[in-house]
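Asker: Below are the chains, spelled out letter by letter.
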Amino acid sequence: MSESGAAEPEEDAGRRVANEARERVHFEEEALGLADQVYRVARRMVGTREEAEELVQDTYARAFRSWKSFTPGTNMRAWLLRILTNLNTDRGRKIQRTPDQQPLEESDYYLANRLAAVEGEQALEQEQVVERLSQGGVVNALAELPHDFRDVVVLVDLGEFSYADAAQILDVPIGTVMSRLHRGRRILKKTLAEESLT
Amino acid sequence: MTEDPDCEKCEELLQGYLDRDLAAEEVLIAEGHLEDCDYCRRRYRFEAQLRRYIRISASERMPAGLLAKLAQLRGPTADGL
Chain A
1 MSESGAAEPE EDAGRRVANE ARERVHFEEE ALGLADQVYR VARRMVGTRE
51 EAEELVQDTY ARAFRSWKSF TPGTNMRAWL LRILTNLNTD RGRKIQRTPD
101 QQPLEESDYY LANRLAAVEG EQALEQEQVV ERLSQGGVVN ALAELPHDFR
151 DVVVLVDLGE FSYADAAQIL DVPIGTVMSR LHRGRRILKK TLAEESLT
Chain B
1 MTEDPDCEKC EELLQGYLDR DLAAEEVLIA EGHLEDCDYC RRRYRFEAQL
51 RRYIRISASE RMPAGLLAKL AQLRGPTADG L
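For the record, the sequence lines run as chains A and B. Residues in the first sequence are numbered from 1 upward in steps of one, following our numbering. Residues in the second sequence are numbered from 1 upward in steps of one, following our numbering.
Be aware that one or more of the hints could be misleading.
[To be verified] Taking lysine to aspartate or glutamate and the EDC-like style, the derived pairs with C-alpha atoms no more than 16 Å apart in a straight line are: (1) B:Lys69 / A:Glu51; (2) A:Lys190 / A:Glu53; (3) B:Lys9 / B:Glu25; (4) B:Lys9 / B:Glu35; (5) B:Lys9 / B:Glu31; (6) A:Lys68 / A:Glu106; (7) A:Lys190 / A:Asp90; (8) B:Lys69 / A:Glu23; (9) A:Lys68 / A:Glu20; (10) B:Lys9 / B:Asp38; (11) A:Lys68 / A:Glu105; (12) B:Lys9 / B:Asp36; (13) B:Lys69 / A:Asp58; (14) B:Lys69 / A:Glu53; (15) B:Lys69 / A:Glu28; (16) A:Lys68 / A:Glu30; (17) B:Lys69 / A:Asp36; (18) B:Lys9 / B:Glu26; (19) A:Lys190 / A:Glu144; (20) B:Lys69 / A:Glu20; (21) A:Lys68 / A:Asp36; (22) B:Lys69 / A:Glu50.
The set of hints was computed from the structure by calculation and includes no laboratory data.
I would like the entire structure built from these sequences, with the hints used as guidance.
Answerer: What follows is the structure, encoded as structure tokens:
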């Protein structure tokens with residue numbers, strides 16, 4: 001190859017490398033900016049803070065390795081949580097293979113009815129009535145949800161993802177997201193009624 | 001407890017209503033009933049408060065130090081960036 005012929009492609013290659021590095025840095029910064037939101041979801045998907053930290057670190061390690069598979073302009077938080085839930089599922093298969101029992105849920109008004117029975121119907125008018133349920137009780141009730149239900153409730157009600165995003169993250173049909181979400185919330189309310197109001 | 005079929009229907013629409021996931025005619029059914037029914041209105045309001053409360057109660061900030069650990073996982077920084 002002649003010297004003059006080699007110079008131009010080399011320059012192109014140099015530019016490409018620099019561009020790619022810039023894109024990667026941009027990706028990494030955007031991802032790190034979402035870390036707190038990712039952690040908040042992770043924390044409720046696993047039992048302990050240590051597990052959540054580990055899961056988030058594994059997620060970011062994988063994300064930084066495969067950053068090129070992220071499509072710029074799409075929802076990066078959902079993309080990160082897709083990695084996270086996949087890792088969590090793999091982990092779950094290794095650690096705890098508890099069979100999914102299907103707890104019975106009560107109707108949607110159940111918790112409100114139970115509160116009204118204890119505190120009086122008018123208490124439901126007061127904003128503080130929810131505080132009758134302890135924050136720790138809420139955390140425990142979430143932790144007790146079977147994981148299929150919990151993942152959806154955590155993504156939609158804590159992570160504030162749409163049904164469509166949750167479906168994509170969990171790789172299940174949107175109808176499955178809706179039914180798990182609705183049933184999961186009912187089970188959660190039943191647990192809250194049983195554990196906080198007795 | 002209620003035996004009123006309108007209240008039962010309203011209860012059925014609760015989650016979809018708060019998720020803004022009802023068809024227009026279902027929204028009309030729910031809102032029409034809520035206008036006249038204190039019982040259901042209290043329960044809808046309670047549910048909305050409960051959802052907020054659950055979100056606040058279950059939300060736990062990222063521990064100090066985690067962000068630095070994540071930043072260490074970044075790829076090598078190219079010169080001049």
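Asker: Taking the hints in turn, state whether each one holds.
Answerer: Hints versus structure:
The hinted pair formed by Lys69 (chain B) and Glu51 (chain A) meets the criterion: a straight-line CA distance of about 15 Å does not exceed 16 Å. Annotation: proposed proximity of Lys190 (chain A) to Glu53 (chain A) is violated, straight-line Cα distance about 30 Å (limit 16 Å). Distance check on the hinted pair: Lys9 (chain B) and Glu25 (chain B) sit about 13 Å apart at the alpha-carbon level, within 16 Å; holds. With a C-alpha separation of about 14 Å, the suggested pairing of Lys9 (chain B) with Glu35 (chain B) holds against the 16 Å cut-off.
Between Lys9 (chain B) and Glu31 (chain B) the alpha-carbon distance is near 12 Å, which keeps this suggested pair within the 16 Å criterion. Annotation: proposed proximity of Lys68 (chain A) to Glu106 (chain A) is violated, straight-line Cα distance about 46 Å (limit 16 Å). A threshold of 16 Å between alpha carbons decides the hint, and for Lys190 (chain A) with Asp90 (chain A) the separation of about 29 Å lies outside it, so the pair is violated. For a cut-off of 16 Å, the pair hint linking Lys69 (chain B) to Glu23 (chain A) is broken: about 21 Å separates their Cα positions.
For the given pair, Lys68 (chain A) sits about 9 Å from Glu20 (chain A) by alpha-carbon distance, which is consistent with the 16 Å threshold. For the given pair, Lys9 (chain B) sits about 15 Å from Asp38 (chain B) by alpha-carbon distance, which is consistent with the 16 Å threshold. Annotation: proposed proximity of Lys68 (chain A) to Glu105 (chain A) is violated, straight-line Cα distance about 43 Å (limit 16 Å). As the CA atoms of Lys9 (chain B) and Asp36 (chain B) are separated by approximately 14 Å, the hinted pair is consistent with the 16 Å bound.
A threshold of 16 Å between alpha carbons decides the hint, and for Lys69 (chain B) with Asp58 (chain A) the separation of about 11 Å falls inside it, so the pair holds. Between the alpha carbons of Lys69 (chain B) and Glu53 (chain A) the distance comes to roughly 10 Å, so the proposed pair stays at or under 16 Å and holds. Of the supplied pair hints, the one linking Lys69 (chain B) and Glu28 (chain A) holds, its CA atoms being roughly 13 Å apart against a limit of 16 Å. Straight-line distance between C-alpha atoms of Lys68 (chain A) and Glu30 (chain A) comes to about 14 Å, which keeps the hinted pair within the 16 Å bound.
A hinted pair counts as satisfied when its Cα atoms are at most 16 Å apart, and Lys69 (chain B) with Asp36 (chain A) qualifies at roughly 13 Å. As the CA atoms of Lys9 (chain B) and Glu26 (chain B) are separated by approximately 10 Å, the hinted pair is consistent with the 16 Å bound. Of the pairs offered as hints, the one joining Lys190 (chain A) and Glu144 (chain A) holds, with about 11 Å between alpha carbons and a cut-off of 16 Å not exceeded. Between the alpha carbons of Lys69 (chain B) and Glu20 (chain A) the distance comes to roughly 23 Å, so the proposed pair goes past 16 Å and is violated.
Taking the CA atoms of Lys68 (chain A) and Asp36 (chain A), the gap is about 22 Å. The hint is violated against a cut of 16 Å. The suggested pairing of Lys69 (chain B) with Glu50 (chain A) holds, with an alpha-carbon distance near 13 Å, which does not exceed 16 Å.
The structure fails hints 2, 6, 7, 8, 11, 20 and 21 (numbered hints given earlier, in ascending order).
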